[in-house]
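Going down the list, the protein sequences come from chains A and B. Take my numbering: the final residue in the first sequence is number 478, and no numbers are missing along the way. Take my numbering: the final residue in the second sequence is number 787, and no numbers are missing along the way.
Calculated from the structure, these hints are not laboratory results. None of these values were measured; they are calculated from a predicted model. Some clues are possibly wrong.
[As the list claims (entries may be wrong)] Quick list of in silico lysine-lysine cross-link-like pairs, DSS-like style, CA-CA up to 30 Å:
{"#": "1", "chain 1": "A", "residue 1": "367", "chain 2": "A", "residue 2": "107"}
{"#": "2", "chain 1": "B", "residue 1": "781", "chain 2": "A", "residue 2": "414"}
{"#": "3", "chain 1": "A", "residue 1": "262", "chain 2": "A", "residue 2": "351"}
{"#": "4", "chain 1": "A", "residue 1": "265", "chain 2": "B", "residue 2": "781"}
{"#": "5", "chain 1": "A", "residue 1": "467", "chain 2": "A", "residue 2": "414"}
{"#": "6", "chain 1": "A", "residue 1": "262", "chain 2": "A", "residue 2": "350"}
{"#": "7", "chain 1": "B", "residue 1": "781", "chain 2": "A", "residue 2": "107"}
{"#": "8", "chain 1": "A", "residue 1": "107", "chain 2": "A", "residue 2": "265"}
{"#": "9", "chain 1": "A", "residue 1": "350", "chain 2": "A", "residue 2": "361"}
{"#": "10", "chain 1": "B", "residue 1": "781", "chain 2": "A", "residue 2": "262"}
If you want the building blocks of each chain, they are given just below.
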Amino acid sequence: MSEALVYSLILVAYLLVLVLVGLITSRRTKSVEDFYLGGRQIGPWVTALSFVAAYFSSVVIVGGGGFGYMFGMSTLWIGAINVLLGCTVAWIVLGPRIRTFTQRLKTMTVPGFIGERYRSNFACIFSAVIIVLFMIIYNVSILKGMGHIFEVLMNVPYVYGVLISCVIILFYVSIGGYLAVVWTSFIQAWVMGIGLIVLTIFAVQRVGGIASANQALASIDPGLLNTPGVWGWPGLISYALIVSFGVWGMPQLVVRFYSIKNLKVLKIGTVVATIGTCMALLPYFNGALARTLFPSLGSPDLAIPTLVKTILSPFGAAIVLAGVVAAGMSTFSSVLIILSGSMIQDIMKKGVKKELTREKSLFWGKIGSAVIGFVSLAIALRPPALVLTLTAFAWAVIASTTLWPILFGIYWKGVTKSGCVASMVGGFVTALVWMAAGKPFGIHGFIPGIIVGFVLMILVSRFTPKFSSDHIHRIWG
Amino acid sequence: MGPFHTPWLTFFAWIVALGCVLFSVIWAIWIYKPGDEDE
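Assemble the whole structure, with the sequences as input and the hints as a guide.
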């Protein structure tokens, strides 16, 4: 059987499973809360592994391999901080309170929570607009990444790769909503995990064991083996913080805590998510191993694709390819449902003041996700330079805007509406200006963004009117 | 030098990941009690 046929068969089988999940879940999606949160009845395994799948896009797997290739084994720390801050601590600190408070406030989206918690339509709409605008850009970058993966690994033209991925995702998100997203993401997490483990086993075997790979790396440059090595502490720590602490403000991940069945289930979910996130170390590890096998690749981003093509059989390569595609699809679909929620539930209902019946909300939610998907697709087919530039801003800007209103909103009873607005606007403007200024001192915009947001939240809250005890009682119970 | 000729500081990244798994189990079984979030 030819290589292309094996790739195609496995990929088609995988895509058919996703379509099937979409069809099955569509029967269980009857209300708006079903569409956006799966009726808040999602179990621990599905919630946890869909969190892991949404966390890691294909860009992270391919790009992580590139970092490992460039900077060596010290990049394992990025994966370790992902597990520590991006998963375990995030689940423990955010999970229980977000699950409880969002149910009490009857909110389904991150902007919705911010709006209700701070009794501010402005905060709700502002965060929704930022999320819609920058998440579409983030989605375009994910689609672009998937298009390139099809191109490099299967020789499928970029445009077809983007089209196939987007149409399948749009199908199951539009009909199955959040249930389809979490169930497909659950499957995708397994595909990703198996793909990465298969790749790692064969890569270690090919380099003659970990010890000999380490010796080979050290002979190229001892900095590829040491920590912080050739990257240095500032670069390593700031990058690890962005992709770990930044998660705390990313709506497509935070919303997983809204939908989990109950707090007992959340405990199991924390353990499962932590185990699943450990796969974050593998792209970096494989990238470093690739350096010993192919020391002079044209681009570091070719590390994982080259490793896959060189050391695996067509069957093994197809599984890894499916894993990489799965990583992109799960993140894209998670973002899509968030965007639909922000647009319909927050901007349309609160911004435009358009009253919708439950049936119409569900209908417009489906239409919204389709429209946003097609907009992302249209841009991704021929992404203009501006979109590519803004992609680098997206993560920093969204996290700088939403992180503190979420965190303070669930831990500090004394935080005020003005404090929230000042923090959001200040964090957003600082991150955007910093990134536009070309990242002075080599520091990513997320760092000044969250520092300014933090200071403004505390200072302004100290000197502005507090919420009534009734409102606080409504949230804290 | 740690296991597999890995410097200890680099190898510690694996230990941190494993430590998180152990801590999450301890948290889930012994530390967290549903209802704590209301305090």
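Report task. Decide if the proposed pair is consistent with the structure: residue 350 of chain A and residue 361 of chain A, CA atoms, cutoff 30 Å inclusive. Result -> The hint holds at about 12 Å.
Query raised in the report: Regarding the pair residue 781 of chain B and residue 414 of chain A, is the alpha-carbon distance no greater than 30 Å?
Result: Holds, at about 21 Å.
Requested in this report: For the pair supplied as a hint, residue 262 of chain A and residue 351 of chain A, confirm whether the alpha-carbon distance does not exceed 30 Å.
Outcome: 27 Å, holds
Query raised in the report: Under the criterion that the straight-line Cα-Cα distance not exceed 30 Å, is the pair residue 781 of chain B, residue 262 of chain A satisfied?
Result: Given that 30 Å is the threshold and the Cα spacing comes to 16 Å, the pair holds.
**Report entry** Distance restraint between residue 265 of chain A and residue 781 of chain B, which requires alpha-carbon spacing of 30 Å or less
**Finding:** Roughly 9 Å between the alpha carbons, so the hint for residue 265 of chain A and residue 781 of chain B holds.
**Report entry** Pairwise hint evaluation, residue 107 of chain A against residue 781 of chain B, where the allowed Cα distance is 30 Å at most
**Finding:** Given pair residue 781 of chain B, residue 107 of chain A holds - Cα atoms ~23 Å apart, limit 30 Å.
Requested in this report: With a cut-off of 30 Å on the C-alpha distance, tell me whether residue 467 of chain A and residue 414 of chain A pass.
Outcome: 9 Å, holds
Query raised in the report: Does the structure keep residue 367 of chain A and residue 107 of chain A at a Cα separation of 30 Å or less?
Result: At roughly 21 Å apart (the allowed maximum being 30 Å), residue 107 of chain A and residue 367 of chain A satisfy the hint.
Query raised in the report: Straight-line Cα separation of residue 107 of chain A and residue 265 of chain A no greater than 30 Å?
Result: Measuring from Cα to Cα gives roughly 20 Å; hence the hint holds.
Query - Hinted pair residue 262 of chain A and residue 350 of chain A, Cα distance within 30 Å - result: 26 Å, holds
Every hint from the earlier list agrees with this structure, and none is contradicted.
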